[in-house]
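Can you make the complete structure from the sequences, with help from the hints?
Sequences listed follow chains A and B, in order. To get the working numbering, take the position in the first sequence, counting from 1, and add 41. To get the working numbering, take the position in the second sequence, counting from 1, and add 39.
Hints listed in this document are in silico derivations from the structure and should not be mistaken for laboratory results. Fair warning: there could be bad hints in the mix.
Unchecked claim - Straight-line C-alpha distance at most 25 Å; calculated BS3-like pairs for lysine-lysine:
| no. | chain 1 | residue 1 | chain 2 | residue 2 |
| --- | --- | --- | --- | --- |
| 1 | B | K420 | B | K397 |
| 2 | A | K228 | B | K255 |
| 3 | B | K255 | A | K313 |
| 4 | B | K405 | A | K516 |
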Amino acid sequence: MKDVIIIGAGAVGAFIARSLSRYTVDALIIEKEFDVGDVTSMANSAIAHSGYDPVPGTKKAIFNVKGNRMMKQVSEELDVSFIECGTLTVALYDEQLPMLEELKKRAELNGVPCEILTGEQVIAVEPNISKNVKAALLCPTGGIINPFTLTAHAVENALDNGLHIVFGEEVISIERVDGYFKVTTNKNVYESKVVVNAAGLHSDDIARMIEPIDWSVSPRKGEYYVLNHFKPGFVNHVLFPLPSEKGKGILVSATTSGNYIVGPSSEWVEDKDDFSTDALTLAEVKRQATDMVPNIPFGEQIRVYAGCRATPSTHDFIIEPSKKYKEFLNVAGIESPGLVSSPAIGEYVVEELIKAVLPLEPNPNYNPFIKKYIKPQTMSIEERNALIKENPDYGQIICGCEKVSLGEIKDALSRSLPVNSVKALKQRTRAGFGLCQGGFCQVKVVNILAKSKGVSPLEIKYGREGSEIVIEEVKKEAM
Amino acid sequence: MREVELAIIGGGSAGLAAAVAAYDNGIRDIVILERGAFLGGILNQCIHNGFGLTEFKEELTGPEFAARFIKQVEDRNIEYYLNSVVSNLTEDKVLTYQNSTEGVVQLKAKAIVMAAGCLERSAGAIALPGDRPAGVMSAGQAQLFLNQFGYLVGKRVFILGSGDIGLIMARRMTLEGAKVLGVAELCAWSNGLNRNMVQCLDDYGIPLYLSHTVTKVVGKSRLEKVIISEVDECKRPIPGTEKEFDCDTLILSIGLIPNNGLLNNLGIAQGRSRGSEVDENFETSIPGIFSAGNVLHVHDLVDNVVEEARVAGINAAKYIKGEKLDSEKDIKVTAGNMIGYVVPAKISSIGEDKATFKFRVREPSKNVYIVYTLNGKEIKKVFKPVIIPSEMEIQSLPKSLFNGESGELVVSLIKKEEK
Numbered sequence: 042m043k044d045v046i047i048i049g050a051g052a053v054g055a056f057i058a059r060s061l062s063r064y065t066v067d068a069l070i071i072e073k074e075f076d077v078g079d080v081t082s083m084a085n086s087a088i089a090h091s092g093y094d095p096v097p098g099t100k101k102a103i104f105n106v107k108g109n110r111m112m113k114q115v116s117e118e119l120d121v122s123f124i125e126c127g128t129l130t131v132a133l134y135d136e137q138l139p140m141l142e143e144l145k146k147r148a149e150l151n152g153v154p155c156e157i158l159t160g161e162q163v164i165a166v167e168p169n170i171s172k173n174v175k176a177a178l179l180c181p182t183g184g185i186i187n188p189f190t191l192t193a194h195a196v197e198n199a200l201d202n203g204l205h206i207v208f209g210e211e212v213i214s215i216e217r218v219d220g221y222f223k224v225t226t227n228k229n230v231y232e233s234k235v236v237v238n239a240a241g242l243h244s245d246d247i248a249r250m251i252e253p254i255d256w257s258v259s260p261r262k263g264e265y266y267v268l269n270h271f272k273p274g275f276v277n278h279v280l281f282p283l284p285s286e287k288g289k290g291i292l293v294s295a296t297t298s299g300n301y302i303v304g305p306s307s308e309w310v311e312d313k314d315d316f317s318t319d320a321l322t323l324a325e326v327k328r329q330a331t332d333m334v335p336n337i338p339f340g341e342q343i344r345v346y347a348g349c350r351a352t353p354s355t356h357d358f359i360i361e362p363s364k365k366y367k368e369f370l371n372v373a374g375i376e377s378p379g380l381v382s383s384p385a386i387g388e389y390v391v392e393e394l395i396k397a398v399l400p401l402e403p404n405p406n407y408n409p410f411i412k413k414y415i416k417p418q419t420m421s422i423e424e425r426n427a428l429i430k431e432n433p434d435y436g437q438i439i440c441g442c443e444k445v446s447l448g449e450i451k452d453a454l455s456r457s458l459p460v461n462s463v464k465a466l467k468q469r470t471r472a473g474f475g476l477c478q479g480g481f482c483q484v485k486v487v488n489i490l491a492k493s494k495g496v497s498p499l500e501i502k503y504g505r506e507g508s509e510i511v512i513e514e515v516k517k518e519a520m
Numbered sequence: 040m041r042e043v044e045l046a047i048i049g050g051g052s053a054g055l056a057a058a059v060a061a062y063d064n065g066i067r068d069i070v071i072l073e074r075g076a077f078l079g080g081i082l083n084q085c086i087h088n089g090f091g092l093t094e095f096k097e098e099l100t101g102p103e104f105a106a107r108f109i110k111q112v113e114d115r116n117i118e119y120y121l122n123s124v125v126s127n128l129t130e131d132k133v134l135t136y137q138n139s140t141e142g143v144v145q146l147k148a149k150a151i152v153m154a155a156g157c158l159e160r161s162a163g164a165i166a167l168p169g170d171r172p173a174g175v176m177s178a179g180q181a182q183l184f185l186n187q188f189g190y191l192v193g194k195r196v197f198i199l200g201s202g203d204i205g206l207i208m209a210r211r212m213t214l215e216g217a218k219v220l221g222v223a224e225l226c227a228w229s230n231g232l233n234r235n236m237v238q239c240l241d242d243y244g245i246p247l248y249l250s251h252t253v254t255k256v257v258g259k260s261r262l263e264k265v266i267i268s269e270v271d272e273c274k275r276p277i278p279g280t281e282k283e284f285d286c287d288t289l290i291l292s293i294g295l296i297p298n299n300g301l302l303n304n305l306g307i308a309q310g311r312s313r314g315s316e317v318d319e320n321f322e323t324s325i326p327g328i329f330s331a332g333n334v335l336h337v338h339d340l341v342d343n344v345v346e347e348a349r350v351a352g353i354n355a356a357k358y359i360k361g362e363k364l365d366s367e368k369d370i371k372v373t374a375g376n377m378i379g380y381v382v383p384a385k386i387s388s389i390g391e392d393k394a395t396f397k398f399r400v401r402e403p404s405k406n407v408y409i410v411y412t413l414n415g416k417e418i419k420k421v422f423k424p425v426i427i428p429s430e431m432e433i434q435s436l437p438k439s440l441f442n443g444e445s446g447e448l449v450v451s452l453i454k455k456e457e458k
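So this is what it looks like as structure tokens:
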């Protein structure tokens, strides 16, 4: 009998798990994919929103602002790149100026520091922005964050502190039996006193397993471009147009790795598993983005991607016990600003909702820090040489585009959180994230993964079940 | 900091040829930095034949061709480091590289030859529409998996793009038991060498769909199918022309890009080939930094790569020895009508007897003139019964035609009937 089962290892599940690991509990995370943060948490705008946009008083507003305030400490404890570069919400036309004032009031009600910059002031800090810019709302506490390691390191920290995780298990039914829950997956049956539903796009499907619900979660797809890190400072803030009903609009931003992203679109889709991109949508993303930043060098484009927001019918985050059982907690509809909110949501769910139904004793071995990842690229030449002398693997570059060494890859493979796929390794280490998109290094990565797991390269997956990369060995005597 | 006379970035065909040429012109203190585990670069995975027809007057495989140059390098005891990745280069020619035995090393060179080759355009670079499953990869990557690591990446294969590596892989995977269903090419013409069209597609009955592109990739985990559509003159898909192919693999052969980040970071102007602009000595705007081979412009024949790199190596040697590299580069060379790019970007009106131009046309043409104009005045025209984009054109002009005049030289394609 488990104390707690968390369904879903996205950013929300990850931070619930991490907060829970402060206590001595027998808790299990069940993830249907082969990696954590593998759906919405990896395919979003990677923004630590300041909280200027949500309607004051909503859960979105409360958790966003709180999460933003927690992010600096969280990023230090979890060794995640977080750059507080500030956000600019840009008015390009005179008629938008009243909306900007409205937004400023909203920001102030939410307790978010902000100021309105004139067009000239904006151009002074953003030389590549449209010369039509009339004014912009600067929110200095907004920033950018590495979405991959945010989730992965939160789970790693939870596992280090005693939690457990299973991958590739999809919950297919949940029953209430004798005061506990019987959770059946495609592979196992588990029993637990408390169940937390953090199943993202599928959280309504999970909630319906125990009772009828009056809310739903619908996939709203956003498509993006990724540009190479061609030069620093092409944009210095996260640049948003004014928000509309469809969301915060198409942004132009650097990422924590120095790349740039442009997106997202916003369209309702039927299939919760639809992450396809299409040419017309991306052309429209490009058109809108270039209104704000005219000379985006799309020749530097290295990738496109799409993610689906888990949009709730209630227009606000759903963070509450189910109607029938206070031990069954729904944490659902966590669309934007979900990523930045997740640390605050995790804390709230554990301190307010789980503690109300389960006595929790502090975990005497709890450590909020994960073991620091060695990042040779941030070191001086002397430091790198000392490191390579001690461990030559840090001298051997595997990914030439992103300069990722074998040492960094082996470090990622040695952690409590398993690396189950090429994509997982890419997201932990950046191997394969560069200009050639793995054209040169994927072969090496497949071999390193196979060796570390003691399996044939034939078994190595790109990401999901069934995503094997090579399918037949042709030369048994080959290297 | 260690100082050397010549540092060569890349130990593939261009780097090796440049090193040998510099050595044979009196330079002894040479270091080749190769990121791979072997010298030879991409030639090591090109196990098909067809290399060396000009250079060695015989038909070699890629590894055999590489082996001949590796032997020349070893015979001369030229120093090289493997598994060594160059991460930085400064304007005063200090480069930083690293490997697991030496650590991070800084090297100051009198001259540098950039010979880092090229890389393949990825699915992301063209925003390939649809899902992003496993089973979509570039042709060279599939070639590396198959020829150097011994793994076949798929059994039912479709190919996007008629670049040479894609055609070579169509044949190679067929020989390993895969079924290649077809090749779609966005252009109305093939982008591969004619011999590869014949030997890799026609001989195996693999259909080529010209003016077609992939309009949807389908597959949540591994590729399940691709949908291709015909495109109009503006390369826009034509609705209603869709064809579906059930396949587990999509090989992309959609172009190569010079791997020129180190020189781009120095702010050296980029030419239309996406390599650095160089003069006729293959010297960039930074004196003593030379560039040659696929990092300068993508070649179709390795024989041309080594020929070009040899010239760069000889000029690097001259530079090191303090010999004057011709006079001022007073003629700017630009690509005119229907010409994709021209190398070099600058030449001298005097000096050597002749100037050599390498360029590609934008589309296949028949009965045309390649016309050279200097400051608007035609100085030479060369008749070509057939000229195609997939074959690089190399033409030389005697410098006497310039009459010592400086200015702008434009290379253009003019249809014969228009004359």
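Quick rundown of the hints versus the structure:
1. With a CA separation close to 15 Å, the supplied pair K420 (chain B) and K397 (chain B) stays within the 25 Å bound.
2. Proposed proximity of K228 (chain A) and K255 (chain B) is contradicted: the alpha carbons are some 34 Å apart, above 25 Å.
3. For the hint pairing K255 (chain B) with K313 (chain A), the CA-to-CA distance comes to about 19 Å; that is within 25 Å, so the pair holds.
4. A threshold of 25 Å between alpha carbons decides the hint, and for K405 (chain B) with K516 (chain A) the separation of about 45 Å lies outside it, so the pair is violated.
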